[in-house]
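Next come the chains, spelled out residue by residue.
Number of protein chains: 2
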Amino acid sequence: MEYIGIDVGGTNLVAGLVDERGAILQKVSRPVDRSMSDRALCRELSLLAEEVRLAGGLSRQDVQAVGVGLPGLVNNKQGVVVTTANMPFRDTPLRELFQQEWDVPIYLGNDANCAALGEYWAGAARGCNPTVMVTLGTGIGGGMVVNGKLFTGCANSGMEVGHMVIHPGGHLCGCGYRGCWEQYGSATALIRMTRQAMEKAPDSRLWALCDGDPEKVQGRTPFQAAKEGDATASQVLEEYRQEVAIGLINLINVLQPKVICLGGGISHAEDELLLEPLRELVERGSFDKRMPTRLVRASLGNDAGVVGAALLCKAV
Amino acid sequence: MEYIGIDVGGTNLVAGLVDERGAILQKVSRPVDRSMSDRALCRELSLLAEEVRLAGGLSRQDVQAVGVGLPGLVNNKQGVVVTTANMPFRDTPLRELFQQEWDVPIYLGNDANCAALGEYWAGAARGCNPTVMVTLGTGIGGGMVVNGKLFTGCANSGMEVGHMVIHPGGHLCGCGYRGCWEQYGSATALIRMTRQAMEKAPDSRLWALCDGDPEKVQGRTPFQAAKEGDATASQVLEEYRQEVAIGLINLINVLQPKVICLGGGISHAEDELLLEPLRELVERGSFDKRMPTRLVRASLGNDAGVVGAALLCKAV
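Chains as they are written, first to last, in the numbering used here: chain A, 1 to 316; chain B, 1 to 316.
Since the hints were made in silico from the structure, they are not lab data. One or more of the hints may lead you astray.
Derived lysine-lysine pairs resembling DSSO-like cross-links, with alpha carbons at most 27 Å apart [as the list claims (entries may be wrong)]:
#1 A/LYS314 <-> B/LYS258
#2 B/LYS314 <-> B/LYS77
#3 B/LYS314 <-> B/LYS149
#4 B/LYS149 <-> A/LYS258
Since the model is a prediction, treat every value here as computed from it, not as a measurement.
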């Protein structure tokens, strides 16, 4: 039996044909046209699912279920996309609309949850119970799989780990509160910290790496500079890792997962600049000194969302 | 069918005969003799279980299971008490020792987890999914029930919520790290804050309430003084509630429970001095503005541990 997973991103729609162990057999994608209505987008999703089904040479009956991962709040029970941040979905009855085109079981999931599920089924967290996924990107996303099932809280917006408060009264967050983890541990935060440090360090290698334009600093810039021996960048990374570690420590002391999978752009940094020092920092704050939680890099990249979406039917 | 639950506290051993809905039918207790060996204590537990069984007029066959809640780390799978803070248990094969006296199914649980389970079965959190219990006492304890099962992490020490870091680099905690929630939100922390504020306020009503001796300040003292209109005490409580709220916000944004049950001595404070202002503070920091999490006072008091221990067999 095969499954289809669709990852709805801000830039691309990606559909994958996935087997029951989480391997991707076929994959198709197309750019998102954000001017489309939510109804038109639902039709796009059904067309894309058809496309990947045909690419795999399957009949409709061969497909067990279709799962869709979206950047926002979904209600799988009702089959509705409640809200999305940068997409036109709002109280959209996605299941119903999709099934008008193709009457197959449809499952909906949040994208961070799908990524966690994908890593649990086929990635760096395979079979780990519980699995926690943390994505260091524009913000900080999170998901958890317990006994093979997604943990989503009582109203589908649990695991908003980026909004743990780690500096009460600190930086204002997009959520309206102050001091949230994602204001200190996201890629966005690292870029801000890097720019601030550059201003005070006219001789830093960071300037050359961004062509003298702080606006061009990216998440990988301080890692690049640190590798080249730049002291300013190394200092920035040290502070950044401490902020990331605080949130990880909180997750470990509350959830004690078997594994925390780090994803997002930042997670591609060299082990010696990110994972290894993070492991040390996190161990110091872990209440359980046996430290049974492993900290690893996510291994599926963007595919995690496709795999997780495809296997939502097993996890909800 | 009936169940027996035993709450092993630092001062008393309490055993209860509990029905399958969580009602306590009989209860017996005796003081703990801490000079006893772990083996002697296990024998005490079996004698106490016999005593409450006989008080209920039951035969051994009428008792479905015995559960024991302990202040420490347990391994229910192996039937072993791994460590306790102030008791002589250490790698104690409690199940085996108990069953030498009475061969009945034995379940072991951490006391904070048992309290969560008790409130879920028969208290203020009845049927709420997930249920989170937070105990504001000497430290801050926590427990969670998801789909009727205890959530204990991968190695039985999840939900150490008192060790979320909310002030990085802050007060040194007993766990060895700095800035843990329990250094700011426990009864111990409130007493410390009260004493510090008194030193700067020689006219405060707080002095009279502790007979002029700051050592006599208790968790309820600032609540009493605030009720009598003391400005210093009101100020202390405002700061204290902000600290408590930060940890609750973090739990809400990560776990999104249906209910957070506040227990421990502090939770007995008047609603207008604790629960009501806490609800307001917590709502501001909740990422999900629908705020589906209710904040309530635990209703079973010390009985929660007995009920939860008795029904461990249903929850592990």
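Agreement of B/LYS149 and A/LYS258 with the hint, judged by alpha carbon distance not exceeding 27 Å: Roughly 18 Å separates the two Cα atoms, so the pair holds.
Pair hint A/LYS314 and B/LYS258, alpha-carbon separation not exceeding 27 Å: 24 Å, holds
Straight-line alpha-carbon gap B/LYS314 to B/LYS77, limit 27 Å: Holds, at about 14 Å.
Agreement of B/LYS314 and B/LYS149 with the hint, judged by alpha carbon distance not exceeding 27 Å: 7 Å, holds
When held up to the earlier numbered hints, the structure conflicts with none and fits them all.
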